[in-house]
Amino acid sequence: MPATQSQPEQFDVLCVGFGPAGLAIAAAMADEKIISLDKTTADESLRVRFIEKQSSFLWHGGMLLDGTKMQISFLKDLATLRDPTSNFTFLKYLHENDRLVPFVNLGTWNPYRVEFNDYLSWAAKKFEQYCDYGEQVISVDPLIHPQDGTVSQLRVTSRTSDGARIVRDTKNIIVAIGGQPRYPDFVHRSIGSQIDHATAPHLAHTSQYTYRVQRMLPDASASYRLAVVGSGQSAAEVFMDLGRRYPNAQVNLIFRDSSLRPSDDSPFVNEVFDPDRRDAFYAQTSEQRKTSLIRDKATNYSVVNENLINEIYGMMYMQRLPGSETRPKHALMPNHSILDMHYSNDGITLTLRNSRSDDTTGYERTFDAVFLGTGYERFAHLDVLQPVLPYLNKDQDNKIVVGRDYRVLTTNDCRAGIYVQGCCEDTHGLSDTLLSVLGVRGGEVLHSIQARMNKVQIYGQKQSYNMVDVKQTATPPASPVPSPTTYQRINVDRIDSGINVTGTKEQSQELDLAPCPPKPLPGTTLFSKYIPHLDETFSIRVANLQTDIALLTKWHNNPRVSKFWNEVGDESHHTKYLSTLLADPHSIPCIGMFNDIPFAYFEIYWAAHDRLAGFYDAGTHDRGLHLLVGEEAYRGSHRVEGWLPAVVEFMFGDCSETKRVVLEPRADNGKLIGYLCNFGFQFRGEIKLPHKTAALMAMETE
1 MPATQSQPEQ FDVLCVGFGP AGLAIAAAMA DEKIISLDKT TADESLRVRF
51 IEKQSSFLWH GGMLLDGTKM QISFLKDLAT LRDPTSNFTF LKYLHENDRL
101 VPFVNLGTWN PYRVEFNDYL SWAAKKFEQY CDYGEQVISV DPLIHPQDGT
151 VSQLRVTSRT SDGARIVRDT KNIIVAIGGQ PRYPDFVHRS IGSQIDHATA
201 PHLAHTSQYT YRVQRMLPDA SASYRLAVVG SGQSAAEVFM DLGRRYPNAQ
251 VNLIFRDSSL RPSDDSPFVN EVFDPDRRDA FYAQTSEQRK TSLIRDKATN
301 YSVVNENLIN EIYGMMYMQR LPGSETRPKH ALMPNHSILD MHYSNDGITL
351 TLRNSRSDDT TGYERTFDAV FLGTGYERFA HLDVLQPVLP YLNKDQDNKI
401 VVGRDYRVLT TNDCRAGIYV QGCCEDTHGL SDTLLSVLGV RGGEVLHSIQ
451 ARMNKVQIYG QKQSYNMVDV KQTATPPASP VPSPTTYQRI NVDRIDSGIN
501 VTGTKEQSQE LDLAPCPPKP LPGTTLFSKY IPHLDETFSI RVANLQTDIA
551 LLTKWHNNPR VSKFWNEVGD ESHHTKYLST LLADPHSIPC IGMFNDIPFA
601 YFEIYWAAHD RLAGFYDAGT HDRGLHLLVG EEAYRGSHRV EGWLPAVVEF
651 MFGDCSETKR VVLEPRADNG KLIGYLCNFG FQFRGEIKLP HKTAALMAME
701 TE
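Residue numbering for the sequence shown follows our numbering, starting at 1 and increasing by one per position.
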């Protein structure tokens, strides 16, 4: 905690919440030596702090029931899927605690839940110097620059358990506060919005079960009448646990479905939770995503592990056997919804309706305690971010727009990085709220922050590509831009500098094609560079279906652009067009920006995998480029001086094996060809593509 508040402490990254999501980000930072556990091996390139409202680390403490197991593989821990050699894997934890061999002997993929909590606590303890416990963030406010009105930093205010206020400033914030218990409407109608032991002494959400059950039901031998509401894993576990804790109680499991349904964890269905499935999900339209979530919900929502279902059925069967007549009868109550709830002298009275009955008014049952397994809602991040909501882009449903890298897309006057975790199921798929992608996601968020702070991750490699010194000026043209008729036409049969221009594509070349490195994620910032003569920052990010379709549609329907691109069409046309490119492993559709304002569209591709490879001696790692400038205000040679050399710098720097960059603009696009010549490209000749006669332009490096 800061020693003084005379001036707010300055940070590069603040993370609100230090549950598994924040912990996975911390592990990625430590593995990549952004932060150090011993303060000696890190480059301290980022000043980082985590803020957690709990007094110490605890994961789902209210559901740490004896004997319950995880529903996922131990390999889906904080780090293994990101880096199996990490110091923060579950296996590393077992080894340090002398349980690796005994765990192997268990022959299971699923550790006990109490053990997994201990693993997470073991990892969290290593980061105590970076985490302030016992603080609740109460506001995140924009710091507005007094001269240009932009927001480059955020002021984060938190309150400690003793009421003290702590203020910190940060360039990037990650909101990872997890889900909050969901209470049905009938609870709010009866009790209000403040639901705790004082206002509801006989009602609890399953997330609070182990904390409150003994206080609510102190007599283990009493003949309690108990109800559990819900048909998911938590409700089923509490139903069984109550029967064990209170052998004389009668427990009812109330749910709307016609039966308890098993979760589908078969191998093919389990691929829904694979980290790379998020790419395909994110690339879908909003309607396609909704359909996918409905189709896949049986893997996670309102379902119960099959072993537990069998255990429940066995218990219910035992109640039918001779000798069980005097024992309390537990009951499943399917097809039931709860219309209302009120307190009475005898306890909590629920108004129930059987959907298979003609009675629409329902009937009443009274219980000594009710436990709600009604899931979680994930809107608390919006409360925390309320002061900066005007700076966050919204979609057609007025929801904030989240990039593939989990950064919230902001207005042009907000340059602070705002990231959200665990609340992106609508955009990133069913795995977003689960542990399945924690390790990989933590690395992605870190790399996105690094890219925004002028360190770009080279895809598929661990090292970082350090950006050119910001004082370096982009090289201006040495001469005026040539007119469309001044460039030299070279015979198509000429062989020059290793490029054999054949003129027409008679057959595909047989290239030794190396596999393309993994594609960057939609919305990811790839490159950023300060351009001194413009006093602006140029950047490239991967195009995003959720935010860029309207922009691309506008640009492509501009007659100046359509003359060369021939992609006139409505938003559905460009959604399909961009979706195809995002799914293509050989091409990266990108948006070019000055000071975060989009102005251009680039398609950066591996030329050896393109049809262009049939027209010249393509190298395995040649990069190709298609481009357009969509915004009229960003045209002109002074702008080209800034962005064209920067794009080429990125294309060469992204892959150390790239020695040549090629373009094939239409042969009559003299202005673009002239710009290319002035910036070091050489005209190699005309080639006849199916849809145009093009000028083959190339730049090579040693």
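In short, the hints are calculated from the structure, not lab data.
Just to be clear, a hint being listed does not mean it is correct.
In the SDA-like style, the derived pairs of lysine to any residue whose C-alpha atoms are separated by at most 20 Å in a straight line are [said to hold, decoys possible]:
hint: 1; residue 1: 688; residue 2: 576
hint: 2; residue 1: 126; residue 2: 107
hint: 3; residue 1: 576; residue 2: 595
hint: 4; residue 1: 53; residue 2: 181
hint: 5; residue 1: 126; residue 2: 69
hint: 6; residue 1: 92; residue 2: 55
hint: 7; residue 1: 399; residue 2: 388
hint: 8; residue 1: 69; residue 2: 388
hint: 9; residue 1: 69; residue 2: 433
Label pairs and their calculated CB-CB ranges [unchecked claim]:
hint: 10; residue 1: 114; residue 2: 394; range: 37 to 47 Å
hint: 11; residue 1: 221; residue 2: 155; range: 23 to 33 Å
hint: 12; residue 1: 570; residue 2: 201; range: 28 to 38 Å
hint: 13; residue 1: 257; residue 2: 399; range: 26 to 36 Å
hint: 14; residue 1: 560; residue 2: 181; range: 52 to 62 Å
Positions of the beta carbon are idealized from the N, C-alpha and C atoms, including for glycine.
- Task: Given the hint that residue 126 pairs with residue 69, test it: the Cα-Cα distance must not exceed 20 Å.
- Result: violated (25 Å)
- Message: Run the distance test for residue 69 versus residue 433: straight-line Cα separation, threshold 20 Å.
- Response: holds (18 Å)
- Message: With the threshold set at 20 Å, check whether the alpha-carbon distance from residue 576 to residue 595 stays at or below it.
- Response: violated (28 Å)
- Query: Does the Cβ-Cβ separation between residue 257 and residue 399 fall within 26 to 36 Å?
  - Reply: holds (28 Å)
- Item | Pairwise hint evaluation, residue 576 against residue 688, where the allowed Cα distance is 20 Å at most | Judged against 20 Å, a Cα distance of about 27 Å means the pair is violated.
- Is it true that the CA of residue 399 sits at most 20 Å from the CA of residue 388? Satisfied, since the Cα-Cα distance of roughly 14 Å is no more than 20 Å.
- Message: Does residue 181 sit within 20 Å of residue 53, going by the straight-line distance between their CA atoms?
- Response: holds (16 Å)
- Proposed proximity, residue 55 with residue 92 (alpha carbon, max 20 Å): Violated: residue 92 and residue 55 sit about 26 Å apart, past 20 Å.
- Starting from the hint 28 to 38 Å, judge whether the C-beta atoms of residue 570 and residue 201 obey it. violated (59 Å)
- Message: So if I understand the rule, the pair passes when the alpha-carbon distance is 20 Å or less; does residue 69 with residue 388 pass?
- Response: violated (40 Å)
- Message: Verify the CB-CB distance for residue 560 and residue 181 against the hinted window 52 to 62 Å.
- Response: At 55 Å between Cβs, range holds.
- residue 114 versus residue 394 beta-carbon gap, inside 37 to 47 Å or not: holds (42 Å)
Going down the numbered hints, you'll see the structure goes against 1, 2, 3, 5, 6, 8, 11 and 12, while the others check out.
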